[in-house]
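There are 2 protein chains.
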Amino acid sequence: MKKFVIFGVGLIGGSVALALKKRANAPVCLGVGRHQTSLDQALALHIIDAATTDIAMALNDADMVLIAAPVAQTKTILTSIKPHLSSKTIVTDAGSTKTDVLAIAKTVLGDQACQFIGGHPIAGAEKSGPSAAMDDLYIGKNVVLTPTAENKPDDVQKVRQLWLDCGAKVVEMTAEKHDGIFATVSHLPHLLAFALVEDMVARDNAAELFQFAASGFRDFTRIAGSSPEMWRDISFANKTALLNEITAYEHALSKLKQTLIAQDSDGLQTIFERASKARNDWANKK
Amino acid sequence: MKKFVIFGVGLIGGSVALALKKRANAPVCLGVGRHQTSLDQALALHIIDAATTDIAMALNDADMVLIAAPVAQTKTILTSIKPHLSSKTIVTDAGSTKTDVLAIAKTVLGDQACQFIGGHPIAGAEKSGPSAAMDDLYIGKNVVLTPTAENKPDDVQKVRQLWLDCGAKVVEMTAEKHDGIFATVSHLPHLLAFALVEDMVARDNAAELFQFAASGFRDFTRIAGSSPEMWRDISFANKTALLNEITAYEHALSKLKQTLIAQDSDGLQTIFERASKARNDWANKK
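Respectively, the protein sequence lines represent chains A and B.
Counting in our numbering, the first sequence runs from 356 upward without gaps.
Counting in our numbering, the second sequence runs from 356 upward without gaps.
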């Protein structure tokens, strides 16, 4: 790979660029963005080698394009890319949902959709923007790729190599499976945390409640401090799977409630023990 | 205060003893516990000045008794104290629920229940036991006292001074109000986190789900790694308030679900924005 184009030079895209820079034969990294300030910042921090807002110039001779902008911009970016996309350029992304992104790629790229390979690095940090980018963000982290039967195995291998070069572990699965798993382990918890804070904010004694909230509340609700726009987009993008998760969770909560109402001490302890053990086993393994 | 007796020399009780030791005119701290190993450890760490399993000896001339054992032991401990309790000894506790503790004190201590003042320090840590105790655990933390009309104002002032000496801020409210607030900001989040993990553990693909769980899941479920016995006891001790909270939360979750089903993008964003702002404002204030 000689020319690598990144749409979105923030935490996710910038960290890929920084990780690649540490490799021998690092490609030239070209940043494309909506905000000139972000591009200037990424240049100043030596995250990218050049920046442009000229899509034709950016796509010319590009080996690979990584879309690392908010998922809601994927359609706009793909539409802007399409007229300049040679048959040799691979396009991939870093979005949190995959079924919707593949559908958008199919619609926008048409018979070039086979050049698009969906990806999702399972990594993040509290901060965002170019200044938050770090060359070790992906070391040991999972990256899910969701190739389809239309993708060329060689292209998939190149995207896989991109993430291996960043130090990540790469797993392949269908977009549907990806969206089901992340609805459970990420999208649902975010919604549950938002719901708890929303429930509190609406009360007459909200100020008093917040006054006595402590470290358990802090950690439980950390993800409720996430970007409202991003989570609105993810929620709608993965709506079907997320609704299934909410329904499953409502059943789990109802079971706990009934156990409490029935004064079933052994039953409640059994549930808490199983959950506590599973959670601590998971944390110890990580 | 000359003689201070602590039932339970772990994180909570041990940290009070260590904080008092740093004050001028520190009282003699006597530890009472179920486990000789904990007492030996607390002695070796100079947390307490002496240890005993002899309740009569412990209570003799005691100015104040702090019960810092798991809440489920409160009744047993009060029952063991009662025959040796002089009219001059103040008894207080550090339990997470207060209505049930006051009821137990009334039943067990009878006409000496006026000597019992309920307390709840809002502080904790991942670890437990004497080795986890630290002299600065309570600095800047809230301690709630739930005095009743029967308590002598002088006695309440002495318990207040105990916590002020530990560096804490002391707030007084009724036991019912306390239990309502902590059902919302602590007991409900714990139950919700247990429910999420329980929901996952029961699935056929649980191992795969855990494999892709990342930092958001980690923080959200940290409190699901808490002691099952302790949270079973708290759940039943504060059952009425907790059931009310579960019902309110079910409504909040249902509202989010309906917003999602209705494809109400602005509605979902408004909820997420309000929650995100409230959560981040709270975190910044802390």
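Check each hint, because a few of them may be wrong.
Which copy is meant is left open, so a pair is good if it fits within one copy or across any two.
Stated by the list, open to error - The calculated lysine-lysine pairs, modelled on DSS-like cross-linking and capped at a C-alpha distance of 27 Å, are:
1) K482 / K641
2) K632 / K443
3) K461 / K641
4) K437 / K496
5) K632 / K594
6) K612 / K532
7) K612 / K430
8) K482 / K632
9) K594 / K610
10) K482 / K640
11) K430 / K532
12) K496 / K610
Calculated directly from the structure, the hints in this document are not laboratory data.
Going down the list of hints, with the structure as the test:
1. When the C-alpha separation of K482 and K641 is checked against a cutoff of 27 Å, the pair qualifies both within a copy, at 22 Å, and between copies, at 19 Å.
2. For the homomeric pair K632 and K443, neither the shortest alpha-carbon distance inside one copy (50 Å) nor that between copies (45 Å) is at most 27 Å.
3. When the C-alpha separation of K461 and K641 is checked against a cutoff of 27 Å, the pair qualifies neither within a copy, at 37 Å, nor between copies, at 47 Å.
4. For the identical chains of this complex, K437 and K496 are neighbours neither inside a copy (31 Å) nor across copies (58 Å), given an alpha-carbon limit of 27 Å.
5. Taking the closest pair of Cα atoms, K632 and K594 come within 27 Å of each other only across two copies (24 Å); inside a single copy the shortest separation is 31 Å, beyond that limit.
6. Taking the shortest alpha-carbon separations for K612 and K532, only the inter-copy value of 22 Å comes in at or below 27 Å, while the best intra-copy value is 30 Å.
7. Taking the shortest alpha-carbon separations for K612 and K430, only the inter-copy value of 26 Å comes in at or below 27 Å, while the best intra-copy value is 43 Å.
8. For a Cα distance limit of 27 Å, the shortest separation of K482 from K632 across copies, 16 Å, qualifies, whereas the shortest one inside one copy, 31 Å, does not.
9. Taking CA atoms no more than 27 Å apart as the test, K594 paired with K610 passes in both settings, with 24 Å inside one copy and 15 Å between copies.
10. Taking CA atoms no more than 27 Å apart as the test, K482 paired with K640 passes in both settings, with 26 Å inside one copy and 18 Å between copies.
11. When the C-alpha separation of K430 and K532 is checked against a cutoff of 27 Å, the pair qualifies only within one copy, where the shortest distance is 22 Å, while the shortest distance between copies is 51 Å.
12. When the C-alpha separation of K496 and K610 is checked against a cutoff of 27 Å, the pair qualifies neither within a copy, at 34 Å, nor between copies, at 35 Å.
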